[in-house]
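Under UniProt numbering, think of the first position of the sequence shown as 1, with each following residue one higher.
Each hint should be verified, as a subset may be incorrect.
Within a straight-line C-alpha distance of at most 27 Å, the following computed DSS-like cross-link-like pairs (lysine-lysine) qualify [said to hold, decoys possible]:
| no. | residue 1 | residue 2 |
| --- | --- | --- |
| 1 | K248 | K316 |
| 2 | K94 | K248 |
| 3 | K166 | K345 |
| 4 | K345 | K331 |
If you are wondering where the hints come from, they were derived from the structure by calculation, not from laboratory data.
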Amino acid sequence: MESSSSAAAVETAVTVPPPSTFDVSRRPDTAGLVLNSPRPPSLREELVGVVGKAFRPHGSGHGGDRRPPRWAWALAALQAVFPVLQWGRSYTLKSFRSDVMAGLTLASLGIPQSIGYANLAKLDPQYGLYTSVVPPLIYAVMGTSREIAIGPVAVVSLLLSSMVQKVVDPAADPVTYRTLVFTVTFLAGVFQVSFGLFRLGFLVDFLSHAAIVGFMGGAAIVIGLQQLKGLLGLSRFTNSTDVVAVAKAVFSALHDPWHPGNFFIGCSFLIFILATRFIGRKYKKLFWLSAISPLLSVILSTAAVYATKADKHGVKIIREVHAGLNPSSVKQIQLNGPYTTECAKIAVICAVIALTVIIIIIITHKIQQVFGEMQA
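Let the sequences and hints guide you as you build the complete structure.
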């Protein structure tokens, strides 16, 4: 009897699980949650869902199993690609008059700015003019924001030239340099389209406000330093963008012949633009004066240089700008050349920086709207 009872005790000790063992089957309240959990979607399914959400008709996710007709899907896809089909139906004559005034303002700003941005990118002036004409026409039918003026940006232009010239010197080989710039620009556009298609704009939310303000402030300083070459009329200048290299280039050029006409003309029209901006802000009825001041500066400076023959006395001018449209640059885009990897790296950086600049403009505009409503 003792042996049988001890055997039963041993058998019981073997068959009974220890208290520390967790058996899901003995927990009916949690067993269903664990066993019937849905399978997580794969990367392909997530990408397809994100893209499909962009082209899905409004209201198709509600109302039971009713599927919208095919024409609704086609219309939603067209409106997603061309938002003008959606807001164009409520467009009014009053909005058209305001848009004409805004277009004239941007055109007057775009001519001198685009030439200056082309100079920052170390390209011929006509390429800056192209970037001020073609992108706004495309954005007019494919854009969604009324506050953004599409065109070249000083930060991206300077960043593009500073990074590409590390690969190819624009002075030694301008043809290859221009080819790399075209390739980088094309790839940057491809990346930006991908950002919009896959809804990756949220990545900018991870940038802190301090980092954005510091970057924009540093970019403004670098851009201002790069203008010293034209403002002082220096013939020799550095390709670097840091403060130390620019200071060395300026001090090393002190012994070179200096033409004060460049400095006088540059400072005069800089003061003129700042004065008109101050007047436009103080007197609201004269807002148009600050808008057309850059174009007036170009016209007046051109007339002054032509009348005084200042270019023959050391004042540097742009000289001839290539008229008409250049032939298609598709053949100059090299996607299988020796510098393709470098171009892709530069394109990613330029695309992200351009997206950051747009986000900053939108945030600034919203802040101004909020303060305007508070003051009202």
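Query raised in the report: K166 and K345: Cα distance at most 27 Å?
Result: Status holds; Cα separation ~13 Å.
Query raised in the report: Does K248 pair with K316 here, judged by a C-alpha cut-off of 27 Å?
Result: Holds, at roughly 22 Å.
Query raised in the report: Within a Cα-Cα threshold of 27 Å, do K94 and K248 meet the stated pairing?
Result: violated, 55 Å
Query raised in the report: Under the criterion that the straight-line Cα-Cα distance not exceed 27 Å, is the pair K345, K331 satisfied?
Result: Between K345 and K331 the Cα gap is close to 21 Å, so the pair holds against 27 Å.
In the structure shown, a violation is registered for the earlier hint numbered 2 alone.
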